[in-house]
Every structure is written in structure tokens, then in C-alpha cells.
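J.: Position chain G against the provided structure of chain C, taking the given hints into account.
Number of protein chains: 2
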Amino acid sequence: MKSFVPVPDSSDFPIQNLPYGVFSTEANSQHRVGVAIGEHVLDLGAVKNFYPEKYHEALSANVLNPLMSLGYESWAEVRRITQNLLLEGSELHANQALQQTALVPLSSVTMHLPANIGDYTDFYSSIHHATNVGIMFRGKENALMPNWKHLPVGYHGRASSVVVSGTPIRRPLGQTLPVDGADPAFGPCRLFDFELEMAFFVGGPPTELGDRVTVDEAAKRVFGTCPLGPFTAKNLGTTISPWVVPVAALEPFKVDNFPQDPKPFPYLTHEQQFNFDIKLEVDIKPANGVATTVCRSNYRNLYWTALQQIAHHTVTGCNLKPGDLMASGTISGDAADSFGSMLELSWKGTKQVQLLGGESRKFLQDNDEVTIRGFCRNDELRIGFGSASGVVLPAKPFE
Amino acid sequence: MKSFVPVPDSSDFPIQNLPYGVFSTEANSQHRVGVAIGEHVLDLGAVKNFYPEKYHEALSANVLNPLMSLGYESWAEVRRITQNLLLEGSELHANQALQQTALVPLSSVTMHLPANIGDYTDFYSSIHHATNVGIMFRGKENALMPNWKHLPVGYHGRASSVVVSGTPIRRPLGQTLPVDGADPAFGPCRLFDFELEMAFFVGGPPTELGDRVTVDEAAKRVFGTCPLGPFTAKNLGTTISPWVVPVAALEPFKVDNFPQDPKPFPYLTHEQQFNFDIKLEVDIKPANGVATTVCRSNYRNLYWTALQQIAHHTVTGCNLKPGDLMASGTISGDAADSFGSMLELSWKGTKQVQLLGGESRKFLQDNDEVTIRGFCRNDELRIGFGSASGVVLPAKPFE
Numbered sequence: 001m002k003s004f005v006p007v008p009d010s011s012d013f014p015i016q017n018l019p020y021g022v023f024s025t026e027a028n029s030q031h032r033v034g035v036a037i038g039e040h041v042l043d044l045g046a047v048k049n050f051y052p053e054k055y056h057e058a059l060s061a062n063v064l065n066p067l068m069s070l071g072y073e074s075w076a077e078v079r080r081i082t083q084n085l086l087l088e089g090s091e092l093h094a095n096q097a098l099q100q101t102a103l104v105p106l107s108s109v110t111m112h113l114p115a116n117i118g119d120y121t122d123f124y125s126s127i128h129h130a131t132n133v134g135i136m137f138r139g140k141e142n143a144l145m146p147n148w149k150h151l152p153v154g155y156h157g158r159a160s161s162v163v164v165s166g167t168p169i170r171r172p173l174g175q176t177l178p179v180d181g182a183d184p185a186f187g188p189c190r191l192f193d194f195e196l197e198m199a200f201f202v203g204g205p206p207t208e209l210g211d212r213v214t215v216d217e218a219a220k221r222v223f224g225t226c227p228l229g230p231f232t233a234k235n236l237g238t239t240i241s242p243w244v245v246p247v248a249a250l251e252p253f254k255v256d257n258f259p260q261d262p263k264p265f266p267y268l269t270h271e272q273q274f275n276f277d278i279k280l281e282v283d284i285k286p287a288n289g290v291a292t293t294v295c296r297s298n299y300r301n302l303y304w305t306a307l308q309q310i311a312h313h314t315v316t317g318c319n320l321k322p323g324d325l326m327a328s329g330t331i332s333g334d335a336a337d338s339f340g341s342m343l344e345l346s347w348k349g350t351k352q353v354q355l356l357g358g359e360s361r362k363f364l365q366d367n368d369e370v371t372i373r374g375f376c377r378n379d380e381l382r383i384g385f386g387s388a389s390g391v392v393l394p395a396k397p398f399e
Numbered sequence: 001m002k003s004f005v006p007v008p009d010s011s012d013f014p015i016q017n018l019p020y021g022v023f024s025t026e027a028n029s030q031h032r033v034g035v036a037i038g039e040h041v042l043d044l045g046a047v048k049n050f051y052p053e054k055y056h057e058a059l060s061a062n063v064l065n066p067l068m069s070l071g072y073e074s075w076a077e078v079r080r081i082t083q084n085l086l087l088e089g090s091e092l093h094a095n096q097a098l099q100q101t102a103l104v105p106l107s108s109v110t111m112h113l114p115a116n117i118g119d120y121t122d123f124y125s126s127i128h129h130a131t132n133v134g135i136m137f138r139g140k141e142n143a144l145m146p147n148w149k150h151l152p153v154g155y156h157g158r159a160s161s162v163v164v165s166g167t168p169i170r171r172p173l174g175q176t177l178p179v180d181g182a183d184p185a186f187g188p189c190r191l192f193d194f195e196l197e198m199a200f201f202v203g204g205p206p207t208e209l210g211d212r213v214t215v216d217e218a219a220k221r222v223f224g225t226c227p228l229g230p231f232t233a234k235n236l237g238t239t240i241s242p243w244v245v246p247v248a249a250l251e252p253f254k255v256d257n258f259p260q261d262p263k264p265f266p267y268l269t270h271e272q273q274f275n276f277d278i279k280l281e282v283d284i285k286p287a288n289g290v291a292t293t294v295c296r297s298n299y300r301n302l303y304w305t306a307l308q309q310i311a312h313h314t315v316t317g318c319n320l321k322p323g324d325l326m327a328s329g330t331i332s333g334d335a336a337d338s339f340g341s342m343l344e345l346s347w348k349g350t351k352q353v354q355l356l357g358g359e360s361r362k363f364l365q366d367n368d369e370v371t372i373r374g375f376c377r378n379d380e381l382r383i384g385f386g387s388a389s390g391v392v393l394p395a396k397p398f399e
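Chains as they are written, first to last, in full-length UniProt numbering: chain C, 1 to 399; chain G, 1 to 399.
Residues from chain C that face chain G, not an exhaustive set, calculated with beta carbons under 7 Å: (1) H150; (2) G174; (3) F186; (4) G210; (5) L236; (6) F265; (7) C318; (8) K321.
It should be emphasised that the hints constitute simulated quantities derived from the structure, not laboratory data. This one's a predicted model, so the numbers in the text were calculated from it and none came from an experiment. C-beta atoms are modelled at their ideal positions from N, C-alpha and C, and glycine is treated no differently.
Pulled out of the complex, with its shape left as it was, chain C reads as follows (with noise of 0.2 Å):
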């Protein structure tokens, strides 16, 4: 399968990947829907005529939400249509002045949050991390909380904190205990973290309270993931990369679920596969620009899957709407270097993190920019998430 639209070899987004964004240009600074293509991005309002006029809508929206209620039948033919469009010998590749206004370089757009983010919920499935922290705040014999291996544990966070790539964080204030059964104090945070973590958007047509998507139905509520990197705290700053690779184009990455003893209840037992190989890295680059990779990790390591996310959200009476995201947790692997915080990587501030250029870190200091990158890869295909990324900016002052 080849594009008339030049793909790079080491570009995230070929034919086979075709995730969903939302951009602007400067020339027109309207919020559009399109999907990344080598160094471009397809308009996909500006080439809906090619799509069923039931799609129309969603095409020229401002964000990803029509989009992702119309379902999975859906996703697959609007998915069909833009790859035969971008197929060399096209009726796109024959129209040279479409193709001006349709295909815009990657590099004059500003990307945005993809959707409206209704509720946000950021789950802990990734065994190693949860036993890494365990281990660090209980002690080893009681690292796994009784419940963890009975049910997929998650949190509420804050959908308004959710920012997209590229957006500074500034380091927040709050109350520390410096000494056990001292005064706490108030000041900066001085333990700033980041989280290694994958998202899914949900999709579908919006459900009820108490209704349930059982966990072979729940495939078809997953629109696409993309990487997550919240800084500590579920309210003061959640970053996404800006493209959302829909889970079809992930097909040649799946892996045999994370074993699990002992078997989960009926309603979370699934047998399809829903795992995947996705390389997942973090960069650090503090002020000095030399950026170190300190994590190199992979979303197969998630214990829960996204599916027994969904069936466990359900069941308990919670309503979906398209457009929620969930986020995986932090997804730490088993060996040191493929932890996914700064919490887990120095144990709890015992050790240094090396850094090139000289410096090391124990947690993030103020200008220290964060990258988190995916990437799917076998021999013939490189699916990419491209990347999320977010500088921390020092404290105001308080006065």
C-alpha cells in the first residue's frame, strides 16, 4: 500500500497509520479535523466529498467528538475512504488543486486538544508500577493491594487539566510534611514527577447511567489511543500528543494479553486479544538542551486491558460519553530503566538519575522539558504516536 503523498522512512505516520488531530494554520486559524500522512496533514473537511454525506458533519467539525459517537462500523468506512484517497492513482493524487488546499505541511500547523474531554479517568494497570510503589510506601509483603489483581483500579482526574503537546506546566504549590508528625509546610512542590501512560479515547453512541458495555462489546467502544504524560497530581496538568492512532491501524502489534492469576470475574474475562507492542520512550532535556532518554518502556507491560477497563467502569454504574479518556496508569516495565516515573526511576528520591550533558536528576527541576514518544515497529511498518511534550515552568511567587 503506497501514498502518493511522500512518507519518510522514519515517519510516524504512513499510510497504514492514519491517526486523527485536530489543527489550525495560520492562514486559517478555524479549528479542523484531519489525519497525519508522512509531513502533512489531510483536511478532512476540505475532502468530505469523497465520504457518505452522513459523515459530512463530523468531517468539518472543530473536534473529534462527531466523530467518535458515530461508532465502529464507521470508524472502519470513513478509515477505508481516506486510505483509497491518499493511494497513489487516486482522484486526490489526479487533483493538483485540491491537493493545495487539502494537504497542509505538519510543519505551518498548530495542533489542539482532539475532543471535548467529558470526564477523565486514569486507571493503575500496569503491575509493575503498582508493585514498584507498593514497595516503597507498604513494604514488600503487602506491595499489591488485596483488590489489585481482582479489579482494574482507576481515579477520577480532571478533564479541564487535560492540555495538549507542547503546553508548559507550571510547578504548583501545596502543603508538605517534612517530618513525620511535624507541621507540614506550604511552598512549591518539590517532588514534581511525571507518569509514562497511554490513553484511549471512548467512542460510540453516548450510554446511561447503570447500562453496561460488557467486556466483548467494549472493542467497540475504543476510538484510538494516544500517549499521556500527567505531572503528578490528576488536576494541574495531563498532556496528550495531539494525534489519536485508531486501534485498526495497531492490528499488526497485537500481543497476547498480560497473563492474569488469578482469572478475573466472568464479567472482565475476555478471550480476543487486546494488547500491544508499542515501544514507549521518555526524554528529559533540561535548560542546558542535551536530552537524555531515562525510560524505555512498553505498553504490553499493562496487566489490565482496555477492554476490562471499560466493563469494570460500566458495570459499577457509570455512564460513557464520547470523547471521555482513559488513561492506562503509569506503565513501568520490570528492569530499572524502563520505570515510568521519576518517583520509581531515583526509589523514592534514594538514587540519582544520570543525565547527559552532566547534570542528573532525583525529580524534575524547573525548565526541565518532558517528551514522551510511542512507536509501533516490525520489520516492514513503523506505526508512530508522535509526541507529548511539556516544559515545567518554576512556581510563581506567592505573595
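T.: Then chain G, alone, in the frame of chain C:
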């Protein structure tokens, strides 16, 4: 101050109140902004020409968010104009034809969620409730967590779960641990509960992540308040009353803030009163139709004020949007009949709560209707909130 619209003595909605809500009628399904007066709703869109043009869009909207975003001084001006319109001898009083369209009987309206709720935070600000729960789960010695008196503890909730009064709530399913150390069981929730709370809507322009709203500025950010009653977890049904009472209407019922010891940090310290004498009641009505008031509490039992909640929320890096909902947490008093949840009233299921009509409860049963009411009253005036109610539906069978 006397309105030309009749207001029965027992009404929650005299001209001194004028709570905001969103309504529709059978004849006109359009959601519209209105204020309650006696047994009518004044359709603000229908009388918008009495207001400056800058308010027309907010008054003709289908949610309160535009009005909320206008800010403090606009709320005061809109309220003053509305009050004048409803006075005896006003232009509206003289205009019978306009009254016909603008004054809609409460008995003929359907009420809707008053705002698009961006995010929903549920605080934990009643010292009696936190102490009761602490005693039950951690013992008397460790009842309050060490940080509880230093900052207003809060939890992110799920905005999608907030429903307007009258919406039935389905009993959820989930995992429980019948015996400590045994395997968990899966099935319908056994200990289904309510929580008696109050909430406020955030107003004013949106803030950016990292911007602070100081404790002194925070009063300008409280658009109005309403009763709220989540059913247990924060994602399966959080019922709010349809009427949002402006803070201005509560002025005559201001009381001293709850004494705080130790004195909180300067960023949480304020001199102005922001506590209110609001009587709160909870009824349970089983299928037999006989309602029993099982709890009589008061808003003034809250240890932390709304101003402190806002200041803490933003100092830790979080942004605010008009329409965000912030709930107080369960409001229990110190008397045994003032506890705001069945967990406390039945003291973790160790005693029965007697109902009129012969039944008794430890937790909620299917088909129980829970109603929360709030009102202020002195010798001259009653300012009411209406009520927030919901019926418990049986769990859906699990196939």
C-alpha cells in the same frame, strides 16, 4: 419587598430568593433559563429586553454557563433588574400579555441540569462526618487523618454522573469482600447509601492552569448553591436540585465560620463570613409511600468554607471553568439524628434506622426514594432550595 406574583407563605421562592434554573415545557421543548418566583418560573429569555443588551445572549441560553461566566458584578445587576421586574407596579406587572408568555406555572415545567458541568469535585469538609467515618474504619485514636485540619480534602468526581432531581438511580454491581482475607464476590451493591451534601457552581471567566484564585477573591467565584446527594461512589448518580440559589439570597443567613484550630496557612485564611445557616433534611420513602425524615443537619457544620476550597483547588495548579461543580462532602452535625448518610445513621450497619410505617433500614433498599431538602428561615423570610430526590432502581440482572 413584595412581588405581584403570588408567593404562598410556605414557598421556597419569595422575591428575595430568585434561584436560577433551566426548564422546558410540553408546548416548548427548548431548554430555557428562568428564575423561580412563588409557584411560577420567570422565563428570562422572554423578558430579556428589560436588561442591557450585553446580557441577552446569557439570558436566552439553554444552560446557565454563559450567565455564570459573566462574573460577580453582572450577577448583581441581573438580579437587581429581575427583582425590580417582579415588584408590584413594575412594567411587567402592567403588561398582562407579556406575563402570559413569561410567567410559566411551576406545575407545567420540566427541570433540567442547570449547567454543562465541566468538572465535579467532591470535598470532605464536615468535621463530624470525617470523624464518624474515621472512628468506624480506623478507630477513635486515628479518626481524623493528620492532614485533615490543614487543608480541605477533596476528590475528583465524574461530571457525567451528575443528574437532576427526579432521575432514578440504578443499583450498581461490583466486587465486595464478604469476609476479610477471603476471595471477593461479584454482585449487586449491598450497602447502597446516600450522602447529604450542598454544592456550589463556579462562576467568572475561566482561569488557566497554574493561575491562583486567592481566598479573598474566591467569593466572586461562587455563582450559587444547591443541595446535592451522591449515591455512594462518585460516578454512578449524583443528584442535584434544579434550582441554584444565588449567594446574594443567602446574605441574611450568614453566620460565623466554623472555628478552625490549628489556624490554617495564610493562603487559606479569610476574615469574611462565608458560612450559612441552611437547614438540611433527608427523607426516605419506601415503596409503601410513607416518608420519614431520617436526618436533620445544617450547612453551618462545614469546617472548611467554599472560599478555602477554591483557594486550595487553584493553588495546587488546577484551573477553574464556569459551570464547575464543587460539592461539600457529607454534612453531618454532632447529634446522632444529624448524620448525613446511612453509614453513619446505622453506624456501619450495627443498628436499624426506624421508619414510620413499620419498616427499618440499615442501608437503602430497592424502590426507596431519597429526598434532600434545604432551606433558610428566620421570622420574616424563608429562602428554600427546593429538593433533590431519586429512587433506587433494582440492579439489572447480570447475564
